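Taken in sequence, the protein lines are chains P and H. Residues 1 to 198 (my numbering) make up the first sequence, in order. Residues 1001 to 1198 (my numbering) make up the second sequence, in order.
Don't take each hint at face value.
As a list, the in silico SDA-like pairs of lysine to any residue whose alpha-carbon atoms are at most 25 Å apart [as the list claims (entries may be wrong)]: (1) Lys1114/H <-> Ala127/P; (2) Lys1043/H <-> Lys68/P; (3) Lys1043/H <-> Ala127/P; (4) Lys1114/H <-> Tyr175/P; (5) Lys86/P <-> Ala56/P; (6) Lys1114/H <-> Lys86/P; (7) Lys43/P <-> His165/P; (8) Lys1114/H <-> Ala1056/H; (9) Lys114/P <-> Thr1022/H; (10) Lys1114/H <-> Pro162/P; (11) Lys1114/H <-> Glu1134/H; (12) Lys1114/H <-> Thr1092/H.
Incomplete in silico selection of chain H near chain P, CB under 10 Å [stated by the list, open to error]: (13) Tyr1088; (14) Leu1132; (15) Tyr1139; (16) Leu1158; (17) Ala1180.
Bear in mind the hints are in silico, worked out from the structure with no lab data behind them. Treat the numbers as computed from the prediction; the structure is a model and nothing was measured. From the three backbone atoms N, C-alpha and C, an ideal C-beta is built for every residue, glycine too.
Protein chains: 2
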Amino acid sequence: MSAAPEPAGDGTPTGRCDLPATAYAVLGLLSFGRELTGYDLRKWAEHMRFFYWSPAQSQIYAELRRLKSRGLVTERGEPQRGRPDKRYYRITAAGQWAFRHWENQSELEPPVIKHSPMLRLFFGHQADPDRLHELLAEYLDWLEQQRAELHQIRADLLPEFPYPHLVAVWGHAFYDAELASVQAVLDELDRMSADPPD
Amino acid sequence: MSAAPEPAGDGTPTGRCDLPATAYAVLGLLSFGRELTGYDLRKWAEHMRFFYWSPAQSQIYAELRRLKSRGLVTERGEPQRGRPDKRYYRITAAGQWAFRHWENQSELEPPVIKHSPMLRLFFGHQADPDRLHELLAEYLDWLEQQRAELHQIRADLLPEFPYPHLVAVWGHAFYDAELASVQAVLDELDRMSADPPD
DNA sequence: ATGGGCATGTAACGAGTTACATGATTTT
DNA sequence: AAAATCATGTAACTCGTTACATGCCCAT
């Protein structure tokens, strides 16, 4: 059974449980208890792109509207100084419940990776060796830059947010390992083009 | 203007260069020179899910139809023994050109990761500690299983396909590193629940 | 004869992106 | 006064999935 957890028979929000991961990411960010705007959430999501892709701006606003329509968040339109545009969102009790349900009851979803550099290497037989080398060297630079950024974020996170900090440590290890792997591939590529004359 | 780069006025294939990565993955598989069916491609794609997500079956057939419409592959409908269904695809010269162009001329695209276990850990403050532990332990099992499968694939690949073999080695290192990281997180989680009484 | 693997296809939908549009506020 | 940043939104579109439907071939 898929065990549809539909408790309501009355007019309560009910909040169906099958939302995309993006919705839960937004809800989870709100589950720290703070009132946030779509703009704030976008910046947070930016910090999460190290381990989870950062959705488009329009997507975040769309998710907020959906969460609101399901009663999982409330919206407060702050008309400060004749400015009715800024919207603050806060998680509701139903939202907390829904999020904890996702966090604790849902099954393991393995990570999904779209590793373009690996894809390009996979088809290396069609590549110009110099270009392939250059591409991987660029990827090396990119990795180093990401690692530096993550290092900064990690330092900011420690006391207040232990779990995000743990993820940052994990991510850091991930970049270290990837850096070593790319270096090894680069070396092996050199060996291949030297030893058997292609 | 959206700058539609459509140079042709005659009947030439034209083959615009902006296809999704999935299309290039299919084209790349055909670039080894063999004539393959959609079914064959699906099985190959399955082997690539370690570093690039495996598209749905219907998507592969859709991409083949598109590649054909652009003249990048040819279709041969084999009506063997009164069976007109099986369709073989072969890459064309235009297809080879398009693929090499993508392989050599396109810019670096950094990997995109949707790491659900990390996302769950990120929001660990909402999790039941036992469940979180269990989830990561499950992930550990999954990783070990993947690594074993990849090990098998890697062994099959060596002499004939050096670049795919390189990718398999890289993937293997990836799983090793991830395994160590998860183990470290698990240990740290234990330390956290012991030291400060939550 | 039944079940499993081979082989393709369609329809409906959802997720997500790009590009565009708007306007206020703050900084230079 | 101009530029950057804050802040939201819409429309059109593509990508990709799920679920379904069909039918052949082969082994038990």
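To see whether the hints hold, each was checked on the structure:
Among the hinted pairs, Lys1114/H with Ala127/P is inconsistent with the structure: their alpha-carbon atoms are about 28 Å apart, more than 25 Å. Restraint check for Lys1043/H and Lys68/P: not satisfied, since their Cα atoms lie roughly 42 Å apart, outside the 25 Å limit. For the hint linking Lys1043/H to Ala127/P, the alpha-carbon distance of about 24 Å falls within 25 Å, and the restraint holds. Distance hint between Lys1114/H and Tyr175/P is fulfilled; the C-alpha atoms sit about 15 Å from each other, no more than 25 Å.
For a cut-off of 25 Å, the pair hint linking Lys86/P to Ala56/P stands: about 19 Å separates their Cα positions. A C-alpha spacing of about 30 Å is found between Lys1114/H and Lys86/P, which places the hinted pair above 25 Å, so the restraint is violated. The hinted pair formed by Lys43/P and His165/P meets the criterion: a straight-line CA distance of about 17 Å does not exceed 25 Å. Straight-line distance between C-alpha atoms of Lys1114/H and Ala1056/H comes to about 17 Å, which keeps the hinted pair within the 25 Å bound.
At roughly 10 Å between alpha-carbon atoms, Lys114/P and Thr1022/H fall within 25 Å of each other, so this suggested pair holds. Restraint check for Lys1114/H and Pro162/P: the C-alpha separation of about 21 Å stays at or below 25 Å, so the hint holds. At most 25 Å may separate the alpha-carbon atoms for a hinted pair to count; Lys1114/H and Glu1134/H meet this at roughly 20 Å. Restraint check for Lys1114/H and Thr1092/H: not satisfied, since their Cα atoms lie roughly 35 Å apart, outside the 25 Å limit.
Among the interface hints, the one on Tyr1088/H is violated; its C-beta lies about 21 Å from the nearest C-beta in chain P, farther than the 10 Å criterion. Interface restraint check for Leu1132/H: the shortest CB-CB distance to chain P comes to about 8 Å, inside 10 Å, so the restraint holds. Because the closest C-beta pair between Tyr1139/H and chain P is about 6 Å apart, less than 10 Å, the hint holds. Interface hint at Leu1158/H: violated, since its Cβ lies 12 Å from the closest Cβ of chain P, which is beyond the 10 Å cut-off.
With 10 Å as the threshold, the beta carbon of Ala1180/H comes within range of chain P, its nearest partner Cβ sitting at about 8 Å, so the hint holds.
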